[in-house]
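For reference, the chains in residue letters:
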Amino acid sequence: MSRTFLGLPRTLRRPDDAGAVDEPFGAVPHPQEPLRWGDAFPAAAKQTLKNDQLRRNLGHATQVIRTKRAAVVGEVPDWEALRDAGSAVKQQVMAQLPDLLQQLEEQVTARGGVVHWARDAAEANRIVADIAKAKGADEVVKVKSMATQEIGLNEALADEGIAAIETDLAELIVQLADDMPSHILVPAIHRNRSEIRDIFLARMGDAPPDLSDVPRELAMAARAHLRRKFLSAKVAVSGANFAVADTGTLAVVESEGNGRMCLTLPETLVTVMGIEKLVPTFDDLEVFLQLLPRSSTGERMNPYTSLWTGVTPGDGPQEFHLVLLDNGRTDVLADEVGRAALHCIRCSACLNVCPVYERVGGHAYGSVYPGPIGAILTPQLTASTGGVSGHHDPNASLPYASTLCGACYEVCPVKIDIPSILVDLRAREVDADRSKHGVDPWKTAMKAASWVMADGDRFALAGRAATLGSGLGGRDHAISVAPPPASAWTRSRDLPAPPRQTFRQWWAAEHETSPVETVETDGPTSEEDDR
Amino acid sequence: MSEARTEVLARVRAALGQTGSGTTPSGRVGAPPHPEPVPREYRAAGEHAVGSPEVLEQLVDRLVDYKAHVHQVAADALPATIATLVADLSEPDGGMARPGSDRSVRVVVPAGLDDAWLATLPAEVDVVRDSREDPTAATDLDAVAAVVTAARVAISETGTIVLDGEPDQGRRAISLVPDVHLCVVRAEQAVQTVPEAVRLLGAHPERPQTWISGPSATSDIELDRVEGVHGPRTLHVLLVGATP
Ligand code: SF4
Numbered sequence: 001m002s003r004t005f006l007g008l009p010r011t012l013r014r015p016d017d018a019g020a021v022d023e024p025f026g027a028v029p030h031p032q033e034p035l036r037w038g039d040a041f042p043a044a045a046k047q048t049l050k051n052d053q054l055r056r057n058l059g060h061a062t063q064v065i066r067t068k069r070a071a072v073v074g075e076v077p078d079w080e081a082l083r084d085a086g087s088a089v090k091q092q093v094m095a096q097l098p099d100l101l102q103q104l105e106e107q108v109t110a111r112g113g114v115v116h117w118a119r120d121a122a123e124a125n126r127i128v129a130d131i132a133k134a135k136g137a138d139e140v141v142k143v144k145s146m147a148t149q150e151i152g153l154n155e156a157l158a159d160e161g162i163a164a165i166e167t168d169l170a171e172l173i174v175q176l177a178d179d180m181p182s183h184i185l186v187p188a189i190h191r192n193r194s195e196i197r198d199i200f201l202a203r204m205g206d207a208p209p210d211l212s213d214v215p216r217e218l219a220m221a222a223r224a225h226l227r228r229k230f231l232s233a234k235v236a237v238s239g240a241n242f243a244v245a246d247t248g249t250l251a252v253v254e255s256e257g258n259g260r261m262c263l264t265l266p267e268t269l270v271t272v273m274g275i276e277k278l279v280p281t282f283d284d285l286e287v288f289l290q291l292l293p294r295s296s297t298g299e300r301m302n303p304y305t306s307l308w309t310g311v312t313p314g315d316g317p318q319e320f321h322l323v324l325l326d327n328g329r330t331d332v333l334a335d336e337v338g339r340a341a342l343h344c345i346r347c348s349a350c351l352n353v354c355p356v357y358e359r360v361g362g363h364a365y366g367s368v369y370p371g372p373i374g375a376i377l378t379p380q381l382t383a384s385t386g387g388v389s390g391h392h393d394p395n396a397s398l399p400y401a402s403t404l405c406g407a408c409y410e411v412c413p414v415k416i417d418i419p420s421i422l423v424d425l426r427a428r429e430v431d432a433d434r435s436k437h438g439v440d441p442w443k444t445a446m447k448a449a450s451w452v453m454a455d456g457d458r459f460a461l462a463g464r465a466a467t468l469g470s471g472l473g474g475r476d477h478a479i480s481v482a483p484p485p486a487s488a489w490t491r492s493r494d495l496p497a498p499p500r501q502t503f504r505q506w507w508a509a510e511h512e513t514s515p516v517e518t519v520e521t522d523g524p525t526s527e528e529d530d531r
Numbered sequence: 532m533s534e535a536r537t538e539v540l541a542r543v544r545a546a547l548g549q550t551g552s553g554t555t556p557s558g559r560v561g562a563p564p565h566p567e568p569v570p571r572e573y574r575a576a577g578e579h580a581v582g583s584p585e586v587l588e589q590l591v592d593r594l595v596d597y598k599a600h601v602h603q604v605a606a607d608a609l610p611a612t613i614a615t616l617v618a619d620l621s622e623p624d625g626g627m628a629r630p631g632s633d634r635s636v637r638v639v640v641p642a643g644l645d646d647a648w649l650a651t652l653p654a655e656v657d658v659v660r661d662s663r664e665d666p667t668a669a670t671d672l673d674a675v676a677a678v679v680t681a682a683r684v685a686i687s688e689t690g691t692i693v694l695d696g697e698p699d700q701g702r703r704a705i706s707l708v709p710d711v712h713l714c715v716v717r718a719e720q721a722v723q724t725v726p727e728a729v730r731l732l733g734a735h736p737e738r739p740q741t742w743i744s745g746p747s748a749t750s751d752i753e754l755d756r757v758e759g760v761h762g763p764r765t766l767h768v769l770l771v772g773a774t775p
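Just so you know, the protein sequences line up as chains D and B, in that order. Each residue of the first sequence is one higher than the one before, starting from 1 at the first, in my numbering. Each residue of the second sequence is one higher than the one before, starting from 532 at the first, in my numbering.
The following block holds chain D by itself, in its conformation from the complex:
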C-alpha cells in the first residue's frame, strides 16, 4: 500500500497548522480504502500485538469505560426492556426502509432542507465537494462521523482543494498525526498524553510552546486552536446518530460542543448519513437517547445532544443538505442473518468488552469499523467486491477475529447477535473454500469449537460458542440458535479472562494458510481434533 498522507493535506495546511515534521506520527497511513486497508486480520494483529504502548493504552481505556458503563447501566431498572424495544424498532426500520426513507425525504424537504441520494462513496463525496465549492469554501469544519470516514470524505475533499478540519479532540489528534482512528468512540485511544503533547507541539502551529501533557491543558490548546475555525467556517459537515422519519428531525449526540459549533454557526450544513440510521417516530428517540449514552461513554447522558429539523429561519444554518448513503448497506440488508448489523447505533460497547479488540487494538481490523461490529459489518459492506467470501480478500478473515465468547452480544444496546452473525459469515467463507478446494467445512468448523472447549479456562467463555456449534457446519446446515440466556460470566466479571493461546496462534491453527501470509504457530494448536 502506498503511503499517502491525506489527513490534513500539507499543501492545504494553514500557516498556523504548518508542522516542521515531515514524517507522520501515525503507524497507520491513510488508506486508499477506508473499509479495506493493510494486511488481513491475522497478519495485521501480529504487528499490533508487538506494540506494548498500544496495548497498555487500550487496556487502561477499555477497562475504564467498561466499569463506567456497567455502573450506569446497572442503575436503569428497565434496561432490558429498553434493549428489547431498541432491537424491535430497528427491525421495523429495516422492514419498512423504503417507506421511511421517502417519508424522511418529504419531511426534510418540507422544512427547507435538500435531500441527496448517494449509491456509493464516490457519489457522496462528489455531492459534498460540489456543495462546498458552490459556497466558495476551501475549508470545512467537521463533526466526528463514521459515515464520512467510511467514504474517505476528507481525502476526497483534499483532492478538490478543500481542507476538512476535524473538530472532535480525538479526531484532531488523529488528523494532526496523519494517523487512523482505532476506536469508534475514542479514536485516539491508542495515544497517551505525552504522545498527544508531542503531536500538538509539532503539528498545531498555535500550540503554546510550554504545553504540558496535562489533559486539561491539551484540551484548552485544542479549544483555542479550533475556535477561530468555528467562527469563520462557511460550511460544516456532520454525520447523524438518528433521523426521525415522521418529522424529518436529525440528531447528533456528542460531548465537547464541537458538534454544536458545527451544527449551529456555519451558514451551510451538510449531513452524511447511512440509510439505516432511521427511527420511525419522534417518540422512538426516548428509547435510543437512553440506550446510546450509557452504552457509549458510560454516562447517564452525554453533555450535548442537538436535534434539528430542516432549516429554522434565523437560527443555525440557513442551508441544510442531507446525503443518504448506501455504499454497501443494501448488500448487508439483503442478508437474512447479517442484516442485523445495520441495527448498530455505533455505541462501541462491543469493542470495550471484546478480549480480542483489547489485545490487538482497532488498527488490526483494517477498517474504520473495528472490533466485533467491524468484524461483521466490514466484510458485508464490501460484499460486492469480495469482502465476504473472496478467498484473497483480507476482509474475509475478519469474522475469525473473535473467540465467540458472547460478551459483545450481552452489552449491545440493540441486541445484535454478533456471535451468530460471525459464525454465519465463517460458514460462508468455509463454503466458498470447500467449493474451491474440497475442504470439509465440518472439520474446519469443529476445530474452532474444539479449541474453545479444550481448556478449562476457555470453557468458561464458551457458553455461547457451544450453542453456536450447530451453525458451524457451513451455510448448508440450518442455523438454529436459541436466544442465548444471559451467561453467568458476564455477571460475575465484565471481561473474560484472556485465552492462554492468543487468537493469532488460534488463527494459525484454524486457518493453516492465511490469505496474506503464513503465520508461524508457536503455541498449542487444536490438531488434537481429527474429526
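Calculated from the structure, these hints are not laboratory results. One should not assume that every hint holds.
[Claimed, not checked] A few chain B positions that, by computed beta-carbon distances, are all more than 12 Å from chain D: (1) 552; (2) 606; (3) 607; (4) 611; (5) 615; (6) 619; (7) 653; (8) 657; (9) 660; (10) 666; (11) 668; (12) 688; (13) 690; (14) 732; (15) 747.
[What the hints assert, rightly or not] Simulated crosslink set (SDA-like; lysine to any residue; CA at most 20 Å straight-line): (16) B:598 - D:71; (17) D:415 - B:566; (18) D:50 - D:195; (19) D:415 - B:567; (20) D:133 - D:123; (21) B:598 - D:216; (22) D:234 - B:565; (23) D:234 - D:71; (24) D:234 - B:567; (25) D:50 - D:319; (26) D:234 - D:319; (27) D:415 - B:565; (28) D:135 - D:95; (29) D:415 - B:571; (30) D:68 - B:663; (31) D:50 - D:415; (32) D:68 - B:670; (33) D:133 - D:92; (34) D:415 - D:161; (35) D:50 - D:192; (36) D:234 - B:566; (37) B:598 - B:758; (38) D:68 - B:571; (39) B:598 - B:735; (40) D:234 - B:666.
Backbone N, C-alpha and C fix where the C-beta goes; we use that ideal spot for every residue, glycine too.
With chain D fixed as given, assemble chain B with the ligand onto it according to the hints.
Structure of chain B with the ligand alone, referenced to chain D:
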C-alpha cells in the same frame, strides 16, 4: 441524482425481497424480513411526580455530578442571584476579563427573557438582546462573557436540561459561544425520565433542541474527563421554586 434515488430505493426493495426490483450491488435478492412488534415495556414515566421534591433532589444530585453549579432559589430571589453571578464574572480571577473590556461585562440574553430577571443587574453590565430577527454575529458573541436563558424541560435521572429555541431560550448560538451559561429552570419543569421529556418535546419536534447535561467535556485523552471544551465551560443552573 434522482437516478441515484431510484436506484438506492430499488436496491433496498431488492434487499427486502420485493421482487421486480432488480438486485443489490452484489447481485442479491434478500428474504422478506419478519420484524417482531415493538414491545414498549420500559417506563413511560418515573414513579415521582413532575417537580416533586424527589425529582428535584435527583436533578440537583445529577447536575452536581456533572460539575454544573446548582443554585436553588425562591422566585423572588432570582434577580438578585443572577446579579451576583454576573457580578462575579468581572472579578479578575473569574477569568472573564478580556482585553479592552475594562471592568464592564457583557451578557447576552434572548429577547423573550423575562425582564424582571435582569432587574437588579449591576450598572456596568452591558446586556445584549438577541433574537432571530436581530441576531448577534458569532464573533461578537465570542466577546460576551455570559448568557442567561430559560429552559423547556429538565430530566432528573440524567441531569439534563433541554432548550428548544423559543423566545425565552433564544438562538442556539447564544447558549453556545459565551463561556458561562446561566440557565433558569423552574421546579415544575423537572420530569424524572427521558420518555416524559421526549413526549413533551414531541409536541414541537420542528423546534431546534439542545440537550445539555453538564458543561461540555472530553474524555479523549486517556479517558481523563476534562470539563469545558468548546461549549460554555461553566454552567450555572438556577432552580427556581425548589426549597433547598
Ligand atoms: S454492535 Fe451493538 S454494541 Fe457494538 S457498536 Fe453497534 S450498537 Fe454498540
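Now for the hints, and whether the structure bears them out:
1. 552: 9 Å, violated
2. 606: 27 Å, holds
3. 607: Check passes; 32 Å lies beyond 12 Å.
4. 611: 29 Å, holds
5. 615: 26 Å, holds
6. 619: 21 Å, holds
7. 653: Since the minimum Cβ distance to chain D is about 28 Å, residue 653 (chain B) lies beyond 12 Å and the statement holds.
8. 657: 20 Å, holds
9. 660: The claim holds: residue 660 (chain B) sits with its nearest Cβ about 14 Å from chain D, beyond 12 Å.
10. 666: The assertion about residue 666 (chain B) is violated, with a minimum of 6 Å to chain D.
11. 668: Incorrect as stated: the minimum Cβ-Cβ distance to chain D is 9 Å, not above 12 Å.
12. 688: Contrary to the label, residue 688 (chain B) does not stay out of reach of chain D, its closest Cβ about 7 Å off (not over 12 Å).
13. 690: The claim breaks: residue 690 (chain B) does not keep its Cβ more than 12 Å from every Cβ of chain D (closest is about 6 Å).
14. 732: Not fine: 8 Å to the nearest Cβ puts residue 732 (chain B) too close to chain D.
15. 747: 4 Å, violated
16. B:598 - D:71: 19 Å, holds
17. D:415 - B:566: Holds - the C-alpha atoms of residue 566 (chain B) and residue 415 (chain D) are around 14 Å apart, at most 20 Å.
18. D:50 - D:195: 18 Å, holds
19. D:415 - B:567: Holds, at roughly 13 Å.
20. D:133 - D:123: 15 Å, holds
21. B:598 - D:216: This hinted pair holds, its Cα atoms lying about 15 Å apart.
22. D:234 - B:565: Cα-Cα ~45 Å, so violated.
23. D:234 - D:71: 41 Å, violated
24. D:234 - B:567: Violated, at about 45 Å.
25. D:50 - D:319: 49 Å, violated
26. D:234 - D:319: Given pair residue 234 (chain D), residue 319 (chain D) holds - Cα atoms ~11 Å apart, limit 20 Å.
27. D:415 - B:565: Holds: residue 415 (chain D) and residue 565 (chain B) sit about 16 Å apart, inside 20 Å.
28. D:135 - D:95: 38 Å, violated
29. D:415 - B:571: 15 Å, holds
30. D:68 - B:663: 40 Å, violated
31. D:50 - D:415: 33 Å, violated
32. D:68 - B:670: Violated. Residue 68 (chain D) to residue 670 (chain B) sits at ~38 Å, over the 20 Å cutoff.
33. D:133 - D:92: Cα-Cα ~38 Å, so violated.
34. D:415 - D:161: 42 Å, violated
35. D:50 - D:192: 17 Å, holds
36. D:234 - B:566: Roughly 43 Å between the alpha carbons, so the hint for residue 234 (chain D) and residue 566 (chain B) is violated.
37. B:598 - B:758: Holds, because 8 Å separates the two Cα atoms, which is no more than 20 Å.
38. D:68 - B:571: 26 Å, violated
39. B:598 - B:735: 30 Å, violated
40. D:234 - B:666: Holds, at roughly 17 Å.
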